[in-house]
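> Take a look at the letters that make up each chain.
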Amino acid sequence: MSLELFGTWLAALLTLCIFSFLYKDNPFYKFAEHLFVGVSAGYWLCYNYWNMVKPNLIDNLEAHNWEYLLPLILSAFMLMRLIPKVGWLSRWAIAFMIGSGAGLMIITYLQSNFLEQIKSTLVSLDPTGLPWYVVLNSFLIFVGVVSGLVYFFFSKAHTGVTGGVARVGVVFLMVCFGASFGYTVMARISLLIGRMYFLLHDWLGLV
Amino acid sequence: MAPEAKSGIVDRLRNIDRRIIFIFVAASVVIPLMFPLGLPLKSSPPSRALFQEIESLQRGSVVLMAFDYDPATEVELGPMSLAILKHCFRKGHKVVGLALWPQGAGLARATFSEAGSDYNVKYGVDYVNLGFKAGGLVVIDSLGKSFHESFPKDVDGTPLEDLPLMKNINTYADIDFVMSMSAGDPGLPFWIMMAQGRYGKKVGGGCTAVSAPMLYPYYPNQLVGLLGGMKGAAEYELLVGEKGAATKGMDAQSIAHALIVLFVIIGNIFYFVGKRRAKRGGGVI
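For the protein sequence lines, the chains are P and L, in the order given. Numbering follows the numbering used here, with no gaps: position 2 of the first sequence is 2. Numbering follows the numbering used here, with no gaps: position 172 of the second sequence is 172.
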C-alpha cells in the first residue's frame, strides 16, 4: 500500500470517526478527538519553534545581533507567570505587546475602519441620471446608517419619533444578523461538502 | 382527524430527533454530488469586479497573492485561489505568493503547482512562493519598506537575489495588484488597512463565507472585488471558464440551503401552531 493511499484511508476513517458523534458520543469519536488534539499540539510546537523562534530569535542571536536579547528577556518574563513570586514581571512583556500593538494599529484602524467607512456611507441621494436601483441602494444605506445609529443613541428615551426611527434601525440590524447567519450556514455546509467530496471522490472514487 | 391525533403529529414534529435532520442534510449534500443537477449560477458584481481588475492588468503585471488560510478552510479558499492563479497565468501576469498563515505556504505550493501545470510558466520567472512569515500586520507593513528584508529567502531557502522575478521587486511600488485569500486574522482586513490604507495599493481577494458579511462593506471603495465562500469561488470559475471543485459543490450547496430554509419554515409553523394551542389552553409550548 502506497503512503498516499494509506493517508487517504486514514483520513477517511478518522472523518467517519468524527462524523459518528452525530449519532451519539462514542469511543471512536473520542479516539479521533484525542488524536487530533495530541497531533495538533505536537505539530504546532515544532512548527512554532522552526518557523518563529528559530528564524526570528535564535538565528539572530547566533549572528551576534544582541538587540534580540530584549525579546528573549521579555519572553522569559512571560514565563514568570508560572512562578507566583515573580509573576508580576510578565506584565512588562504584556505592556510592551499592548503598547506596540496599539501604536501600530490605532491610526491605520481609524483610517480604514472608521473614516473610510464613514466616507463610504456619504452617498448622493440625487437621482439625476442614475438607474433606479442605484438610487434605491443609496437610500437604503442612508436610512440604515441613520436609523442604526439612532438605535445605539442612549441619551434620549426611545419614544415618539426617536423610538420609531430606532425600530427601523432594529429591522436593519435583524437583516444584518440574518445575512450573517445565512453566510455562516453556507460556510458550514461548504465544510460538509468538502468532507463528503473527499469521501466520495478521493476515498471511494464514486464521483 | 381528531384534535388528539393532530396534537400528536405537531408534538412529534416539534420534538423530532435531530439525527433525522442530520440524515436529510447529509442526503441533500451527497445526492447532488453523485448526481449533479447543473443548477444555474450567476456571477455577482464583487466577483465580476475582481475578474475585471485582473483582466484589465497589462501583460507582465505583478500580482501579490497572500495565501492566508489553512487546510480547515481549503474547501472554500482553495478553488478560488486556483481559479485566480489560472486567470493570472493565462493573462501573462507574474505572481508573488506569500503566506501570513503557517500552513498557507504549503497550500500555496500545491496551488501554484496545479495552476502552473496547464500553462507554460516557470518558477522564479513567472511566479515565486516566498513562504510563511509570522507577524501579520507587521509583515504587511514591512513589505512597504523592503520585500527582500522581510523575506530574504523563498519557501525553499533560495535567496531572493537568485530569483529573476524578484530582482526588480522590492516594495509595493513594484506591485500592480494585491490579493489575499483570507480565512480570518491575519488576512484581508489587515491588507486593506496597510496595503490599501497606508500604501494606496488596489486590494482584492477572497474570504470564507463566515467572514464575507464583515468584508462586503469595504467593497467597492476599499476593496476592488471580493469572492465570498464557495459561491464566490464558483462564480470566479464561471467567469474564468474553468469548472472546478467549487462549481461541483454548488448543487449540493443550493439543495442543502433549500432544505434548511424548509426546516426553518416548518419549525416556525409548528412553533406558532403550538403557541396558539397554548393560548387556547390546549397544550404547553
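Any given hint could be a false lead.
[Unchecked claim] Label pairs and their in silico Cβ distance ranges:
| no. | chain 1 | residue 1 | chain 2 | residue 2 | range |
| --- | --- | --- | --- | --- | --- |
| 1 | P | MET97 | L | GLY200 | 25 to 31 Å |
| 2 | L | TYR216 | P | TYR109 | 16 to 22 Å |
| 3 | P | PHE96 | L | GLY267 | 23 to 29 Å |
Think of the hints as simulated: they come from the structure by calculation, not from any bench. This structure is a prediction, so every number in the text was calculated from the model and none was measured. Note that CB positions come from ideal geometry on N, CA and C, so glycine has one too.
> Work down the list of hints and note, for each, if the structure agrees.
So, going through the hints one by one against the coordinates:
Distance hint for MET97/P and GLY200/L: a CB-CB separation of about 29 Å, consistent with the stated range 25 to 31 Å. At roughly 19 Å, the beta-carbon separation of TYR216/L and TYR109/P lies within the given 16 to 22 Å, and the hint holds. Range check, PHE96/P to GLY267/L: Cβ separation about 51 Å, and the 23 to 29 Å hint is violated.
Violation of the numbered hints given earlier is confined to hint 3; every other hint is satisfied by the structure.
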